[in-house]
Every structure is written in structure tokens, then in C-alpha cells.
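There are 2 protein chains.
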Amino acid sequence: MAKFQAPSGFRDFLPGAYRKRGELIRRIREVYESFGYEGIETPALENLAVFLGKGGGENEKLMFRVLKRGAELQRALEKRDELADLALRFDLTVPLARYFATHRGELPSVFKRYHIGPVWRAERAQHGRFREFVQCDVDVLGSSSPLAEADVILATATALAALGFAGLTVRLNSRPLLGRLVRAAGVPEELVGGVFTSIDKLDKVAAGEVKQELLARGVPESAVASLLDFAATAKTLDGDARLAEVERRCGAEAEGLLKQLREVVAATPSLPSGRLVFDPFLARGMDYYTGPIFEVSAENVPFSLAGGGRYDELVGTLSGSPVPAVGFSIGFERVYTLMDERRMFAAGDRAADVLIAIPQAALAAEAVKLATELRAAGLRADLFPGAAKLPQQFALAETKGIPYAATAGEEDLARGAVTFRELATRRNETVPRTEAGAWLKNRLSR
Amino acid sequence: MAKFQAPSGFRDFLPGAYRKRGELIRRIREVYESFGYEGIETPALENLAVFLGKGGGENEKLMFRVLKRGAELQRALEKRDELADLALRFDLTVPLARYFATHRGELPSVFKRYHIGPVWRAERAQHGRFREFVQCDVDVLGSSSPLAEADVILATATALAALGFAGLTVRLNSRPLLGRLVRAAGVPEELVGGVFTSIDKLDKVAAGEVKQELLARGVPESAVASLLDFAATAKTLDGDARLAEVERRCGAEAEGLLKQLREVVAATPSLPSGRLVFDPFLARGMDYYTGPIFEVSAENVPFSLAGGGRYDELVGTLSGSPVPAVGFSIGFERVYTLMDERRMFAAGDRAADVLIAIPQAALAAEAVKLATELRAAGLRADLFPGAAKLPQQFALAETKGIPYAATAGEEDLARGAVTFRELATRRNETVPRTEAGAWLKNRLSR
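Each protein sequence line maps, in turn, to chains A and B.
Numbering of the first sequence is given in our numbering, commencing with residue 232 and proceeding in unit increments.
Numbering of the second sequence is given in our numbering, commencing with residue 232 and proceeding in unit increments.
Each hint should be verified, as a subset may be incorrect.
Under the rule of at most 25 Å between Cα atoms (straight-line distance), these lysine-lysine pairs were calculated in the PhoX-like manner [as the list claims (entries may be wrong)]: (1) B:Lys620 x A:Lys490; (2) B:Lys490 x A:Lys310; (3) B:Lys490 x A:Lys620; (4) B:Lys620 x A:Lys310; (5) B:Lys600 x A:Lys490; (6) A:Lys600 x B:Lys490; (7) B:Lys251 x A:Lys251.
So, partial list: chain B residues that the calculated Cβ filter (under 8 Å) puts toward chain A [stated by the list, open to error]: (8) Pro238; (9) Leu276; (10) Thr333; (11) Val350; (12) Ser374; (13) Ser376; (14) Ala381; (15) Leu385; (16) Thr428; (17) Thr499; (18) Asp580; (19) Ala583; (20) Val599; (21) Ala618.
Which bits of chain A does chain B cover? Going by a derived footprint, with three or more residues having C-beta under 8 Å, they are [unchecked claim]: (22) 271-279; (23) 292-306; (24) 392-404.
Keep in mind the hints are simulated off the structure, nothing from the lab.
Fair warning: this is a prediction, and the values are worked out from it, not measured in the lab.
C-beta: ideal position from N, C-alpha, C; glycine also.
So that you can see chain A by itself, here it is in the shape it has in the complex (with noise of 0.2 Å):
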């Protein structure tokens, strides 16, 4: 029995885990590349000061701090000061806003960059809650132009098609449109940021519930009537007409903010596999959001995959000059966990083509030499490390997945052949050296 196990909330990967995560990654970075989106990577770690305060909420809790080491720590303990001085990132979009305040001279004036990697959070254990997962990041800064938003929708939208998502809905909605249309209601000012995580829940629990929940926060009985009534008949309007019924409600106010709306519409001309829906009623969870937000969700899957939206003030609390930004998110365990179910991985993965089994000791060299040729043809071909007889390193074969092994043995060294066994079958072919490497090439990939 193991002493030891990872610990609780963080998890270990098995090789065939780490190759479709690793597939999963390659296929999404693909197409943001495609979409001229530059790679980045910052430290696991920032000092603790770059996260405080920074809209990231609830996660801010969450964080693990670092402690103070040597004379450091002593000082901290005795002046009863604070003992970390460092801590693990709790999303990529903090220190995203760090890197771009940093190294603004050395980026292009619009930066477009993805970052794909861990964060962590002392969340409570709970199914399908991790203490270190992966985010799957694109964001443009530096531009406020629609055209950025469409850019970070579609280059979402298109790596989730080529995942093998169908029926993409992108739902689109503005912060601060949806701010006028809960004052528009009737909302008081204070009860306006509750009445956003309120609302949020619309398409997750029922409208009833919705209703209690906003009247407890203090929300005028005609206020919650007239939200409530239009979250419903909002859903049987078509998309122009949802923005001619919110531009109705809001009024002359609302102008700018509907034609940023409808210039982020009209530069999605289309999406791959989906469409792009105005939902007045989107309200998004991060307190740093400023203006267009959206989520995508697909044909029979039951939450959203990915969601994101205008943050334009976020780099300038770090960098001391404003600075647009938007940005979309991919739910990267969310996704993982659905495409590992429903078998979206490619087929036929496995550890190795070939086994170079050592039929004795002393002909443990030659084995060697035969491992290389093969490699040098272009196969993945795994060398029995040990003494075994052959059956057992066959069984060895099996269990990586290892659909052939390779065996050289006196005989066939004799007169410049190896024998190749199809482990399945158990059948045994012997073809001349020379040829092998093409030979079992052929049968890989019939």
C-alpha cells in the first residue's frame, strides 16, 4: 500500500490521461495560431501584491500563499506581519494584465496572445472540483475595436469545431448594457451587483427560484416582474428584435453600447458549426468584466464551454495607463472530461509500434541495434530494459498497448531477419531485415 498519496484535490496523470490532454492542447493551440495568437508563459508564481484587489473575486480566497523563508519568515513572525510573500496564480488573466505592464515596450501595440496552463485554488474537495487545473486563454490587448471581440469568438468558436463540438450557441450580452436595462427596471443602484449574480443563475436554476432570490435581496416586487417577464418573452424573440425591445427598455442611453453590440455582430458574419445569439440576460461571474461578455455552449451538453468579455480596466490598475482588453476562456477540464466520455480522442493511441524483445542476454546488443534501425526508419520502438523470458515481455507489450514485438534471435541474425508477432493474434512473421522497417509501417497503418 502506498504511504503517500498526491495531495487531496490535485491529481496524478496516467500516460494515456497525459497523451489526449496533450492532444487536447495541441489541437486547441493549433488554431489560435492559426489565428496569428502568440504563445506566452508567466511564473507560476507572483508576488502576492499583484493579486490583491484585482477583480478576481471569490478566487483572491482561494489562493495558495508561498511562505516567507530565513530571516524573512523570523521578521514576519515576530511583528505578527504577513507570513507569504508570494503566491500561486488562481487564473491567467491577472498575471496576463502583470506580464502586459511589464513588457509592454517589447510587445506589439495590439497583442494577441494565448496562454495554456495550470492554475490552482484551495477549493473545497468535491466531484469534479480540482485544486490545480488547466486554463486555455486567448486575449487581445490593446484594441477596443469589435473587431476584437469577433476575433476572440471566432478563434474560440473554431477551436471548439475542430474539437468535434457541434451546434455552437456563442451568447452575447454587454455588462454595462445590462447594467441600464436592471437600473431601467427599477433596481435600486446598491442592489445592482447582487441583482447580476442573480440573474446569472437564469439559465441554471428555475425562474421561481430566481424570484425568491431577488426579492430576499430587497429587489421591488415591479422590478423583479418586469426583469422576470422579459427574461421569458426574450427567449421567443428573434436576436434583432431582442436588441429593438432592450434598446426600447434602456433607451437613448444604451445607443453606444448596442451599436458595439451589433458591430461585434456583424463582423462574426459566421461560425463554424453555431451561431451567435444576443442574450440580454448573460450576466458572467468576474467583477473585472467592462463591457461585451460571452459564453459558448454546445448541442447536448449541459453547461457552457467556454466564456469570456471586455476588460478594460484591469491592466491599468498594474500598469498605471488604461489599456483595452478582452479575452475568452475554454473550460479546459470541463472539455477534457466531456471529449474523454463521449470518445473524442483520436483512436489507435498507444506507447510504442514495436517491442524490441531480448530473446537472451547476450544478444542484448544486437536488440539495441535493431531498436535503432527501426527508429531511424521513423517507428517509436520500445527496448525491453531487463532479463524476461520472451512471453513475459510480451505481456509487457500488451499492456502498454504495443500492438507488434520484434525479436532477433540467433537464427534470424544468421541470416539477416527478424521476426515480428503481432500480439493480438499471436501470429509470428519472419521478413528480411533490410525490409522491416517498411514492413511494419505497412501493417501499422492499414
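Start from chain A and add chain B according to the hints.
Chain B alone, transformed into the frame defined by chain A:
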């Protein structure tokens, strides 16, 4: 000016460095996989207890510890107890041992794995020393055969050769054999460990310096003379003669150890671009090595590029039952730095193949369509996400290293054409839209 920077000793990677580091990882991984090694991942954090007393030596002292949270932290402060419950991994070997102990039942009996990922050490800030850096390991667990040594040696040398390093020298020794040699020279038992540390410096500092150090440790003069005398003459002997001389000095007790080394040599009949040599004075720093040890250097490189050895006891300390293990680690950061300085990365790496410029805001949706078409043709097409004059858009493309810009203005649209601009020469060429992808691919591969 940026108010916040990355923490001292930590690095941000700009897109160019990100691409090169990704290329390095990809190329090493391909070789490891061609040898049948399977990728795994373990958490960045482990329970603190996993790291304590596991032969990490100095590295343990450099651990970043993660503060307990909530009520547990309060309790720890009140009781003046340990304040941390987790720690960032300082290498990939201790986590591998923990991983194997946890998952033994799910893994092949002989487990060949690679792991490429970051580790963290609270080093003093110093040129070329980072607090977060990538390690890159192959290991074979579950085999005590010298073929396991041969396998990791060949995989590592093949990876370094594939990266472009020539004239590789893999130095091979045995930890217990070095112990016999040192004791046979007359070093008292309690000084053996210290002598290893001094001997390890023989290829880095002058022999006179090592001599002073050994004398200062209290090693008898006759023992110092015997060791340094052999160290000097050993260089002039060929491999077999060196082995014979060690045999003579160590006596019959060393027979098994010498046989083990000879078998490793026999099983690695040839190395790509290099040779395997027996070096009786190779010592290696880590305490957990129990058998053969090795290091690789390359022509015109003043430091070793990779190091490893057999550690048959480490896994047992975590799983309760002994598991033979041998590993080899490529010094990722020094290899990266060297390859970058010597321009050994693939040339022509760029953010995208083409920038789709937007001649006027009203044509944005048309530009998106053009980008989609070129991407479907297999090109990486960046779209300028904003409103700017064409010269500014072209300038941005040049900043990002993008060689061409494509524009479809009203005239082009009317006649089904696209205008490409080669940014370096400022020459424009208008081509039929249906041929645009093929035209550009043709141009790029010139």
C-alpha cells in the same frame, strides 16, 4: 513604468522564447517517445512530508512551502506548529517515486516514463540561476538490469544528437565502485561522503585546489596522493585499461560492480555522435544514487548537458518495498540557453504566415471571410483586430515577423481578387481569390 514585475528569480517568456522552448520540448519528447517512454504528469504541489528526508540534499532546504489555510493555519500559529502543509516540487524524481508508489498497480511492471515540467527552488538570485525552471527526465522503474542503464543513456544521447550536439561523451561510473576506490586508497569511513564532494570538482577546478580541500577535510596525505595520482594517469589510459586498474586497486570485492559496468558498455554498442567512456572519478551530487552514474558533455561545451544514475532505494522509502530505478535528466535550461546563443533552433519561426489587413471598417466582415478561407487552406492568418490606417497595420505585421499582408478592398472584392503585400520588399501583387491560398503557400515555401 511597470509597477509590478515578475518575482525575483522568475521569468516571463515572450512569444519568441515561448516558441523556441516549445520546439525544444517537442524535439526531446519525440525522441523519448521513439524509445517507448510514456509521458506522465504529477501535481506541482506535494504533501510536505513527501519531500522530507528523501535524499534531495541541499534541494530540500530550497523548497517553497505553501501556507496552511483557514482554521488549520490558526491552529498551527497558536501551537507554533509547522505552518505549511504542501510544498512545490524541487525535482521530478521524488514526485516520480511518490507517483509510482501510489499507482503501482496501474502501471507496467517495467515502467519507462518521461516527464518534462517546471520545478521550483528558492535559490539565491544569481546569473543563470532561476527559481522556476524546467526539468526533463527519463526513468526506468522496476528493472535492475544493466539494459535499463543502456536504455536511458541511449535515449538521452539520441535526444542531444537530434538537437544538434556533436561529439558527445557519456561518462560512466559506479557510486559503490567509487566508494571502494576511495576506501582502498586509505580514506577513513567517516570522510568518504566528503571526499565524493571534493572529487566531483576534479573536472571543474585545478587538481591542486582539490588536493588542498581533501587535506583540509583531514584525509591522510597518502590517500590524497594515491587518489590524485590515479586521477591524473587515468586520463591517459583507454577504457579497458582504466577498468583493469580500478579492478587491481579495489580487489575481488568490486567484481560484481565492474561486471555491471561492463554490461552497460556492452549493451550500448554505439552512440549517435559520440562515445561512452568509463570515468572512475565521476561522483555526481545527489545522495540517492546507489549504482551506476553518468553524465554527458559535448564538444565545445564547457559544462555537462545531462546527468543521471541508478537510485534503487528512493522508491522504497515511499512505497515500503524496494523498486530498482535508473534515470537520466537533460539540463533543459542550459541546453536551451546554449541552443539559443548558437542559433540552433529552426529558422523562419513567425507569429503567422499572413496578416489580413482591413482597408476600411465597413469591410471588416469581408476581411474575416478572407481570413477564414486562408486558414481553411492551411495558413496561419492573423486578422488585425482594430481600426487603423493600412501603414499602421503593415507595421504591426512587421513587428510580429509576419512576412505578408493580404487586403481585399472594394476593387478587389468586385473582381474576386486579393492583394498581397510582401512586407520586406513593399511589393504588391494581386491574385485571383480562388488561387490566394495556393499562391501564398507557394511563396512561403520558397
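Okay, the hints, checked on the actual structure:
Among the hinted pairs, lysine 620 of chain B with lysine 490 of chain A is consistent with the structure: their alpha-carbon atoms are about 22 Å apart, no more than 25 Å. As the CA atoms of lysine 490 of chain B and lysine 310 of chain A are separated by approximately 61 Å, the hinted pair breaks the 25 Å bound. For the hint pairing lysine 490 of chain B with lysine 620 of chain A, the CA-to-CA distance comes to about 22 Å; that is within 25 Å, so the pair holds. For the given pair, lysine 620 of chain B sits about 57 Å from lysine 310 of chain A by alpha-carbon distance, which is inconsistent with the 25 Å threshold.
A threshold of 25 Å between alpha carbons decides the hint, and for lysine 600 of chain B with lysine 490 of chain A the separation of about 21 Å falls inside it, so the pair holds. Of the pairs offered as hints, the one joining lysine 600 of chain A and lysine 490 of chain B holds, with about 21 Å between alpha carbons and a cut-off of 25 Å not exceeded. Simply put, lysine 251 of chain B and lysine 251 of chain A have alpha-carbon atoms about 23 Å apart, close enough for the 25 Å limit, and the pair holds. Contact between proline 238 of chain B and chain A, as hinted, is supported at the beta carbon level, the nearest pair being about 5 Å apart and thus within 8 Å.
Taken as an interface hint, leucine 276 of chain B checks out: its beta carbon lies about 6 Å from the nearest beta carbon of chain A, inside 8 Å. Satisfaction of the interface hint for threonine 333 of chain B is found here, the shortest Cβ-Cβ separation to chain A being roughly 5 Å, below the 8 Å cut-off. About 10 Å separates the beta-carbon of valine 350 of chain B from the nearest beta-carbon of chain A, more than 8 Å, and the hint is not met. Taking 8 Å as the C-beta contact cut-off toward chain A, the hint placing serine 374 of chain B at the interface holds, the least distance being around 4 Å.
Proximity of serine 376 of chain B to chain A holds as hinted, the smallest CB-CB distance being about 4 Å (cut-off 8 Å). Hint on alanine 381 of chain B holds. Least Cβ distance to chain A is approximately 7 Å, under the 8 Å limit. Checking leucine 385 of chain B against chain A by beta carbon gives a least distance of about 7 Å; that is within 8 Å, so the hint holds. For threonine 428 of chain B, the shortest C-beta to C-beta distance to chain A is roughly 24 Å, which exceeds 8 Å, and the interface hint is violated.
Checking threonine 499 of chain B against chain A by beta carbon gives a least distance of about 7 Å; that is within 8 Å, so the hint holds. For aspartate 580 of chain B, the shortest C-beta to C-beta distance to chain A is roughly 11 Å, which exceeds 8 Å, and the interface hint is violated. Interface restraint check for alanine 583 of chain B: the shortest CB-CB distance to chain A comes to about 4 Å, inside 8 Å, so the restraint holds. Residue-level restraint check for valine 599 of chain B holds (minimum Cβ-Cβ distance to chain A is 6 Å; threshold 8 Å).
Among the interface hints, the one on alanine 618 of chain B holds; its C-beta lies about 5 Å from the nearest C-beta in chain A, closer than the 8 Å criterion. Restraint check on the region 271-279 of chain A versus chain B: 8 residues with Cβ-Cβ distances below 8 Å, three needed, restraint holds. Restraint check on the region 292-306 of chain A versus chain B: 5 residues with Cβ-Cβ distances below 8 Å, three needed, restraint holds. Check result for the region 392-404 of chain A against chain B: violated, 0 residues qualifying (beta carbon to beta carbon below 8 Å, three or more required).
When held up to the earlier numbered hints, the structure conflicts with 2, 4, 11, 16, 18 and 24 and fits the remainder.
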